[in-house]
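Q: The whole structure should be built from the sequences, with the hints applied where relevant.
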Amino acid sequence: MVYTPKKAYVIGVGSTKFDKPRGERDYDALGIEATVKALTDAGITYDAVESATVGYVYGDSTCGQRVLYTIGMTGIPILNVNNNCSTGSSAFVSAVQAVQSGQADCSLALGFERMAPGSLSSPWTDRPSPIQGTYMQVLQIEDEKAYATPEKGPSAGRIFAAAGKEHGERYGSTQEHWAKISAKNHQHSVKNPYSQFRFAPTWQEVLKARPITRELTLPMCSPTSDGGAAAVVASEDFVKKHNLQDRAVEVVGQAVATDSVHLYEDHSRIELAGADMARQAVAKAYKQAGIGPNDVQVIELHDCFAPNELITYEALGLCKTGEAHKLVDAGDNTYGGKWVVNPSGGLESKGHPLGATGLGMIFYLTLQVRGEAGDLQVPNVRNALAHNLGLGGSCVISILRKPAFYRAGTTSAQRAGYDVAREVRRVTQTELNKVRASKFSDYVEPALAERARL
1 MVYTPKKAYV
11 IGVGSTKFDK
21 PRGERDYDAL
31 GIEATVKALT
41 DAGITYDAVE
51 SATVGYVYGD
61 STCGQRVLYT
71 IGMTGIPILN
81 VNNNCSTGSS
91 AFVSAVQAVQ
101 SGQADCSLAL
111 GFERMAPGSL
121 SSPWTDRPSP
131 IQGTYMQVLQ
141 IEDEKAYATP
151 EKGPSAGRIF
161 AAAGKEHGER
171 YGSTQEHWAK
181 ISAKNHQHSV
191 KNPYSQFRFA
201 PTWQEVLKAR
211 PITRELTLPM
221 CSPTSDGGAA
231 AVVASEDFVK
241 KHNLQDRAVE
251 VVGQAVATDS
261 VHLYEDHSRI
271 ELAGADMARQ
281 AVAKAYKQAG
291 IGPNDVQVIE
301 LHDCFAPNEL
311 ITYEALGLCK
321 TGEAHKLVDA
331 GDNTYGGKWV
341 VNPSGGLESK
351 GHPLGATGLG
361 MIFYLTLQVR
371 GEAGDLQVPN
381 VRNALAHNLG
391 LGGSCVISIL
401 RKPAFYRAGT
411 TSAQRAGYDV
421 AREVRRVTQT
431 ELNKVRASKF
441 SDYVEPALAE
451 RARL
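Its first residue numbered 1, the sequence shown is counted upward by one per residue in the UniProt record's numbering.
Honestly, the hints are just simulated from the structure, not real lab data.
As the structure is a prediction and not an experimental result, all values here were calculated from the model.
Glycine residues also receive a C-beta, built at the ideal position from the N, C-alpha and C atoms.
Certain hints may be false.
Listed next, with one range per pair, are the computed distances between beta-carbon atoms [to be verified]:
(1) Thr-125 to Ser-441: 36 to 42 Å
(2) Thr-258 to Gln-288: 16 to 22 Å
(3) Arg-198 to Glu-176: 22 to 28 Å
(4) Asp-375 to Lys-152: 36 to 42 Å
A: Structure follows, in structure tokens:
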């Protein structure tokens, strides 16, 4: 007997502004805001949610329960996940699979992060890092190359800079191409009110900025960020029962891949940056969706560092191996080109709160597919692709499109009471009360709900 999974649809999305770590809001406030916005967008209360998966990297134990208990105490299963930088997308996969398997008709995916300022670091000093093997092999290859200028900077930046360096050695791309990618993403973010940075340096200014590694400058690197994002996923029966055909965006392709032997056997810095995971995952997702790369119009891509966007163009099949820099030179990664990559500004500019990043991509792409992305809207979106990468490793690809039964109706702006694509507002106690489950406890720190809007 062949198992045919049910179809899954995103019916509600919400996001906080991604901002630099200042400690002004804790993770629970970020998670509440994102969840309330997603439920409001879906037009349902928390009573309808039958399961939830919550993603965060820097957190303790059952942080997901602490957030969601404020919205309802309904006894549903709540899973907490950590999959490095692909944590948010991993939570989304879990919610989608809950619906596809028939375990739930409505499932919530939530991701949030409150991060420390500065470069990423681990709180664990008494055990080996999960990416120790990757980093040590990068150091070995770099040592063999005997570069005149020794590498410096944070380990993650060194890994992705090394991948970009290899691409240049093999195919002729240069640091200038990284700078053009960075400048493009920063230019996109100027129109994104949710973005951490909203300035637009030229690629020449990017090159002259403060160096972080031997080749990477500050604007080429994603910052540490605080933020939260959420998505509500439902079955077709749920969509039609609740008359949500104007909200539903179908998940037509989705795949998760981990590292193959290419990671260590190829002695390649490009492979050490997760390229093969992306190739594996996107091939499966394209097959599920019945499309190829030329059928995609908009992409939210994991540009944790600018050279990773460059090498990922090839991994996603947007161009032939060795020709990613030609795609950059042709302007085929922005408005007016073949694809619009990171209209949100990408991780480099929008921000990178690890647990929220992948769900932030779903937030932006859902608005794109609905035609509700405001100043960021890409024309004639039929298929939208999210690429979320975590070293160590995990790569998640999700492809979204309008279902055949989609119909125009109420918009995100009408449901929220303001233009969510052009303005960021924090939630109020009234808004929380509207989506709260019928079962909740006044004992759950009353001040917590108030903190969600501060």
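Q: Against the structure, test the hints numbered earlier, and report the numbers of the ones violated in rising order.
A: none
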